[in-house]
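Peer 1: Here are the chains, one letter per residue:
Number of protein chains: 2
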Amino acid sequence: MSKTAAIIGGGVIGGGWAARFALNGWDVQIFDPDAQAKRKVSEVMANARRSLPGLTDVALPAEGSISFHDTIAEAVADAAWIQESVPERLDVKHATFAEIQNACKAGAVIGSSTSGFKPSELQQGAARPEQIMVAHPFNPVYLLPLVELVTTDASPALVETAKDILTSLGMHPLHLKKEIDAHVADRFLEAVWREALWLVKDGIATTEEIDNAIRYGFGIRWAQMGLFETYRVAGGEAGMKHFMAQFGPALKWPWTKLMDVPEFTDELVDLIAGQSDAQSGAHSIRELERIRDANLVTMMRGLKAQDWGAGALINAQERKMRAGTEHGARAADLPADAPVMTAHRTVPLDWTDYNGHMTESRYLLAFADATDRFMEIIGCDAAYIASGGSYFTAETHIRHIDEVHAGAVITIRTRVILGEGKKMHLWHEMFEGDRLLATGEHFLLHVSLDTRKPVPPSAAIEQALARFAQGHAGLPVPEGLGRAIGAAR
Amino acid sequence: MSKTAAIIGGGVIGGGWAARFALNGWDVQIFDPDAQAKRKVSEVMANARRSLPGLTDVALPAEGSISFHDTIAEAVADAAWIQESVPERLDVKHATFAEIQNACKAGAVIGSSTSGFKPSELQQGAARPEQIMVAHPFNPVYLLPLVELVTTDASPALVETAKDILTSLGMHPLHLKKEIDAHVADRFLEAVWREALWLVKDGIATTEEIDNAIRYGFGIRWAQMGLFETYRVAGGEAGMKHFMAQFGPALKWPWTKLMDVPEFTDELVDLIAGQSDAQSGAHSIRELERIRDANLVTMMRGLKAQDWGAGALINAQERKMRAGTEHGARAADLPADAPVMTAHRTVPLDWTDYNGHMTESRYLLAFADATDRFMEIIGCDAAYIASGGSYFTAETHIRHIDEVHAGAVITIRTRVILGEGKKMHLWHEMFEGDRLLATGEHFLLHVSLDTRKPVPPSAAIEQALARFAQGHAGLPVPEGLGRAIGAAR
Numbered sequence: 241m242s243k244t245a246a247i248i249g250g251g252v253i254g255g256g257w258a259a260r261f262a263l264n265g266w267d268v269q270i271f272d273p274d275a276q277a278k279r280k281v282s283e284v285m286a287n288a289r290r291s292l293p294g295l296t297d298v299a300l301p302a303e304g305s306i307s308f309h310d311t312i313a314e315a316v317a318d319a320a321w322i323q324e325s326v327p328e329r330l331d332v333k334h335a336t337f338a339e340i341q342n343a344c345k346a347g348a349v350i351g352s353s354t355s356g357f358k359p360s361e362l363q364q365g366a367a368r369p370e371q372i373m374v375a376h377p378f379n380p381v382y383l384l385p386l387v388e389l390v391t392t393d394a395s396p397a398l399v400e401t402a403k404d405i406l407t408s409l410g411m412h413p414l415h416l417k418k419e420i421d422a423h424v425a426d427r428f429l430e431a432v433w434r435e436a437l438w439l440v441k442d443g444i445a446t447t448e449e450i451d452n453a454i455r456y457g458f459g460i461r462w463a464q465m466g467l468f469e470t471y472r473v474a475g476g477e478a479g480m481k482h483f484m485a486q487f488g489p490a491l492k493w494p495w496t497k498l499m500d501v502p503e504f505t506d507e508l509v510d511l512i513a514g515q516s517d518a519q520s521g522a523h524s525i526r527e528l529e530r531i532r533d534a535n536l537v538t539m540m541r542g543l544k545a546q547d548w549g550a551g552a553l554i555n556a557q558e559r560k561m562r563a564g565t566e567h568g569a570r571a572a573d574l575p576a577d578a579p580v581m582t583a584h585r586t587v588p589l590d591w592t593d594y595n596g597h598m599t600e601s602r603y604l605l606a607f608a609d610a611t612d613r614f615m616e617i618i619g620c621d622a623a624y625i626a627s628g629g630s631y632f633t634a635e636t637h638i639r640h641i642d643e644v645h646a647g648a649v650i651t652i653r654t655r656v657i658l659g660e661g662k663k664m665h666l667w668h669e670m671f672e673g674d675r676l677l678a679t680g681e682h683f684l685l686h687v688s689l690d691t692r693k694p695v696p697p698s699a700a701i702e703q704a705l706a707r708f709a710q711g712h713a714g715l716p717v718p719e720g721l722g723r724a725i726g727a728a729r
Numbered sequence: 241m242s243k244t245a246a247i248i249g250g251g252v253i254g255g256g257w258a259a260r261f262a263l264n265g266w267d268v269q270i271f272d273p274d275a276q277a278k279r280k281v282s283e284v285m286a287n288a289r290r291s292l293p294g295l296t297d298v299a300l301p302a303e304g305s306i307s308f309h310d311t312i313a314e315a316v317a318d319a320a321w322i323q324e325s326v327p328e329r330l331d332v333k334h335a336t337f338a339e340i341q342n343a344c345k346a347g348a349v350i351g352s353s354t355s356g357f358k359p360s361e362l363q364q365g366a367a368r369p370e371q372i373m374v375a376h377p378f379n380p381v382y383l384l385p386l387v388e389l390v391t392t393d394a395s396p397a398l399v400e401t402a403k404d405i406l407t408s409l410g411m412h413p414l415h416l417k418k419e420i421d422a423h424v425a426d427r428f429l430e431a432v433w434r435e436a437l438w439l440v441k442d443g444i445a446t447t448e449e450i451d452n453a454i455r456y457g458f459g460i461r462w463a464q465m466g467l468f469e470t471y472r473v474a475g476g477e478a479g480m481k482h483f484m485a486q487f488g489p490a491l492k493w494p495w496t497k498l499m500d501v502p503e504f505t506d507e508l509v510d511l512i513a514g515q516s517d518a519q520s521g522a523h524s525i526r527e528l529e530r531i532r533d534a535n536l537v538t539m540m541r542g543l544k545a546q547d548w549g550a551g552a553l554i555n556a557q558e559r560k561m562r563a564g565t566e567h568g569a570r571a572a573d574l575p576a577d578a579p580v581m582t583a584h585r586t587v588p589l590d591w592t593d594y595n596g597h598m599t600e601s602r603y604l605l606a607f608a609d610a611t612d613r614f615m616e617i618i619g620c621d622a623a624y625i626a627s628g629g630s631y632f633t634a635e636t637h638i639r640h641i642d643e644v645h646a647g648a649v650i651t652i653r654t655r656v657i658l659g660e661g662k663k664m665h666l667w668h669e670m671f672e673g674d675r676l677l678a679t680g681e682h683f684l685l686h687v688s689l690d691t692r693k694p695v696p697p698s699a700a701i702e703q704a705l706a707r708f709a710q711g712h713a714g715l716p717v718p719e720g721l722g723r724a725i726g727a728a729r
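Top to bottom, those sequences are chains X and E. The first sequence begins at 241 in this note's numbering and counts up one residue at a time. The second sequence begins at 241 in this note's numbering and counts up one residue at a time.
The hints are simulated quantities; they were obtained by calculation from the structure and are not laboratory data.
No distinction is drawn between identical chains; accordingly, a pair holds when it is met within one copy or between any pair of copies.
Taking lysine to aspartate or glutamate and the EDC-like style, the derived pairs with C-alpha atoms no more than 16 Å apart in a straight line are:
#1 K345 x E314
#2 K243 x D404
#3 K441 x D506
Note that the structure is predicted; figures quoted are calculated from it, not measured.
Excised from the complex, chain X in its bound form:
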């Protein structure tokens, strides 16, 4: 099979498809009469190049070529996949398919990005209707894996080809065998959109309040488990039937203006409970709770690093927790003749392996955070860094002494071994209680963030650092300082 894809219509969706194919090594041939198409696709490509290739821990194949073509015939001639993303008008789509089928191979997949039309509608009047199927992606197409593949009356062999190709692109073909207007996901989006319009119109909530109601609550849950698995967990050990027995009646309440609901028969309850068992029955509810929580912590801490959404809330809480405590103290508040507490924190779930042990690289993360905190203490804080100076780590030596688990509170105490001019040599010790877990020895240089070259820090920082260096010089030399791997053996 040639790895050539034709993209008919190069907007946000078509451009996203182009990026998905090209970054997975396919040559992409684009047809779009829009004079701005090149610019639009190149903008999508820039976003995609920065985000998609890092998803896997293995580099993607060499990027395929992207070319623009003046006719549909030229774009599709040698393509194995042809993706139609033209406007949502059935007459426009029919005309496009006719042009495509005049020029393309009979063995090529023709996928439509339509969010609304059924395959049977798209296929009307086509020369080879069995070649056309719905392949409905989600924005950003280069990142989100879902593709609704609706294949009424499509050639079974071609459907298998389509599934293989989508999977090879890192996508998830959700194969719907029965067609319906708007497929599945957009029906939910429509339902939520309509409810949201009422809430705004009736003055119950603003767009921002609605978005927060989603992203601080069920939105995070739905990033990892959907509706039914989430409710299965909520139902507890008693299971899905129990949940529905509780929740079912609420369907009759006048909670919404959207009231045509299916009757809650025993048959429907059994159908759902049976499907839920097939879906999630391999895990106990207790296991699912722990999986859910590990997922939520991982995503929330990820968003914390991005300072966004639920993660921004955590950062705000943390700033309040630091204010007025040892966690927010500056050099002048701290004695210079004792190690400085630079961390007192709980090992989070996303720092651990499946056994609950803290993983190797998180030791350096904890030490790097402790270094950041020490920098803040001596005045190299966010405002100073924004002014153009900072410390960069040149060298690190970590000794792993003992293991630690998620949920343990760890403390890091830090000593200045050398603090002079551009140079800062730190010694971190990580404890759980009085159990030594690891030591971290770090050599840093103060740099200009413009030139990325070493330069002296501000006088205030140099002074604060020198004060600790002098004070700590009186302490006993730490065991393991200046050690080299292999030297002691």
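Once you've looked at the hints, dock chain E against the given chain X.
Peer 2: Frame of chain X, contents of chain E only:
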């Protein structure tokens, strides 16, 4: 203010509240006539202890006490916050509030976990109606920040107290000033639930297919931006009005059985566009796209580490990419007299700081992954580790030579310095092209995963390791090997 909370009703929701308060240093007094209440709360507490305290980078205050009480009066007497989570029956709630108000302080907040009732309904017949408000949380209450705070006719001073307390617990009080059945979030959940019941009943999709349609697509988006901000970005630079002009008419299509929709007037479009500007106007669409993508990559790679949802899809793709390539090769396939390629990957967005530079701790993550890959090459793979043996890192030395950005492809080449008995001494070099970025020197010991003590590896592993050790001994000594911090200065 006393930091004492009373929890009336100790199921999954009440237990979640108890955990949220106790882990934030509040003493918690629980009333629940259920004989299983202690067990149920202790199970929720176990989940919460493992997940909540690690969200922040600062340890939470010392855990408060949890006590169980035989009467509501005893539980609420000295509480500053009283949370009602009894069954969703208005008569039961009214009786509960009467008992609470007989015994509690007039200055305490009485919050109800109700998902459906309006404050005006809860307050009916109360001695002090102004003390009662809706504080509707989301499961798991100890992790998700959202609380819908609906305060019709509540005392304004008490509402401020309630917001302060919820915020101090790391929660987000979404303050709704106008009451409505089911508040906001559950109206969306209801709409989706009803649509989902139709899809299952009509045989369009199973519960698993529906869950996948959510979590592989819009669910991940909604974990970080809600409905309106997502659509604002989709609308592109033309903005929210443009999006609605495109999407609006679709509301008239027969896409759902839930058809009572608000009329799409200019007034409604202006209202929404204006609110959206107020909400998201501080960022350009281009910025929002990049924020969205960084959030998505972060969450998807987080789920990859958990091997769940969209992250499990990435792992499946990666396994296929490795099979039959250098990325999946074993010792016997590789020459012993040259460094071994142990990584060839793209720096992901979640490895970088806000400037796009790879952060310190991710160098160790890359080296640790390279070590894992080398272990796999010599036969210390998942199956071997499951049988009870593995290598643990005892010591690490990293030198940072040059910077690297998100999107760069990095390669790690690995040499065995010593491979003998329990000992493995590795030397990693990380490159972008031929630019040396960092070196990582690692000393590992083979251990029994039962005893956590050093023991020799299998004969096959020892042999494979010795072969590389011998072959690599003929290569020039790497610059920087066996270096100690400070020694060279």
